[in-house]
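For chain V, the structure is supplied; the task is to place chain Y with the ligands on it using the hints.
Here are the chains, one letter per residue:
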Amino acid sequence: MNLFFKKTASVKNPKWQRPVLLAAICLVLLLSMVRCKSNNNNNGYVSIDKKSVKEESLRHFEEITKVLQHPRCINCHPNDNYPRQGDDMHKHLFNVQRGPDDRGITGMKCTSCHQASNNLISGVPGAPQPNDSLASRWHLAPLSMGWIGLDDAELGARLLDKKQNGNMSPKDLVEHMTDDPLVLWAWDPGPGREPIPIPHDEFVEILEKWLETGAEVPKKNKD
Amino acid sequence: MIKFKINGTVTEVNDDPETPLLWVIRDSVGLKGTKFGCGKAFCGACSVHVEDQVVRSCSFPLKYAAGKSVTTIEGISDGQELHPVQKAWIEEQVPQCGYCQSGFIMSTVKLLEKNPNPSDEDINNSITNLCRCGTYSRVRKAVHKSAELIKKEQN
Ligand code: FES
Ligand code: FES
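Residue numbers (the working numbering), protein chains in the order written: chain V, 1 to 223; chain Y, 1 to 155.
Hints are supplied without guarantee of correctness; some may be wrong.
To be verified - Selected chain Y positions facing chain V (Cβ under 10 Å, derived; list incomplete):
#1 F42
#2 Y136
#3 S137
#4 R140
Claimed, not checked - Below, simulated DSS-like cross-link-like pairs (lysine-lysine); rule was C-alpha separation at most 27 Å, straight line:
#5 V:K91 / Y:K40
#6 Y:K40 / Y:K5
#7 Y:K145 / Y:K87
#8 V:K50 / V:K66
#9 V:K91 / Y:K114
#10 V:K54 / V:K171
Because the hints were derived from the structure by calculation, they are not lab data. Bear in mind the structure is a predicted one, so any value in this text is a computation, not a measurement. A virtual CB, placed ideally from N, CA and C, is assigned to each residue, including glycine.
Just chain V, with the same shape it has in the complex:
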């Protein structure tokens, strides 16, 4: 018998080798499972993704606030009882006031002057009701939705607070800013008034991305 052959054959098939090999394979599999699990437990790549999604949402909100704080929007979201006018946001001429239902006071209702469309003869702006093109929708946002003087964080908190925003979810808010004729007016404010600088469909895209990324708003002391 060839001694060499005998020696190699005995190395190739020792009785103890199989279970050790199996145990090693199991150990490798087990370790790789543990590793995979640790990637999912908020300490690995996933949490970095979450952070970047939140940052993206906040970036969208920054764009949104530029629109909300534009005089065409915020002039009708005062934090007091006086609507504003113009790019300098002066108090509405002639002591025009909010009134009990945000629609002016007896004798000086918003709709005493503002009708369902921009008036090209008198220059008075107007906007229709969603379901009635002949009825005027002109009115102030409620006091709880007053934004003048708020920073982005305060505005965000107020915007999302269902107690203050008329029980609207972020989705409802996006729909309101997409469809409400009074909101749309800000893009078609009539001659002599600067419209919102970005197109409305671009604004809607930003709103939708904000919604998809979690509708985040900044915290008071910078997120």
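What follows is chain Y with the ligands alone, placed relative to chain V:
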């Protein structure tokens, strides 16, 4: 053709739907009591009632009056019997040139319907019409007088 009621009478006019109601009232219907002051919804000289609300007719396109009921200064008296607000205006001798006064009276009528006992502050807030002759203090007196007369007539 656009149809609406004016001082209780159904009227049909053939004006452009964008025409300010003021011009329709003055030129097509022929009622001259409602005045043109600024044409910009500032002064209130053109105030009329559309349904239940004071409206500045210089800034109110005719198309929005279709099917509605419009009342002008000519329509607030009861035949020969003047409206209590008109009586108070005479008693307090409010007008100077008179040009702005029908607007003040129309605003006052609606204010007193909704608020029969207005304070000076209510009057200041609600009656924001402009008067080049500066009759404001007499207007305020006449509003209070009107409130009194209305109450008397009701009792
Ligand atoms: S003429 Fe209409 S408000 Fe002055
Ligand atoms: S009485 Fe002359 S403008 Fe008023």
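For each hint, the structure was consulted:
{"no.": "1", "hint": "F42", "verdict": "7 Å, holds"}
{"no.": "2", "hint": "Y136", "verdict": "13 Å, violated"}
{"no.": "3", "hint": "S137", "verdict": "17 Å, violated"}
{"no.": "4", "hint": "R140", "verdict": "13 Å, violated"}
{"no.": "5", "hint": "V:K91 / Y:K40", "verdict": "17 Å, holds"}
{"no.": "6", "hint": "Y:K40 / Y:K5", "verdict": "24 Å, holds"}
{"no.": "7", "hint": "Y:K145 / Y:K87", "verdict": "9 Å, holds"}
{"no.": "8", "hint": "V:K50 / V:K66", "verdict": "25 Å, holds"}
{"no.": "9", "hint": "V:K91 / Y:K114", "verdict": "26 Å, holds"}
{"no.": "10", "hint": "V:K54 / V:K171", "verdict": "17 Å, holds"}
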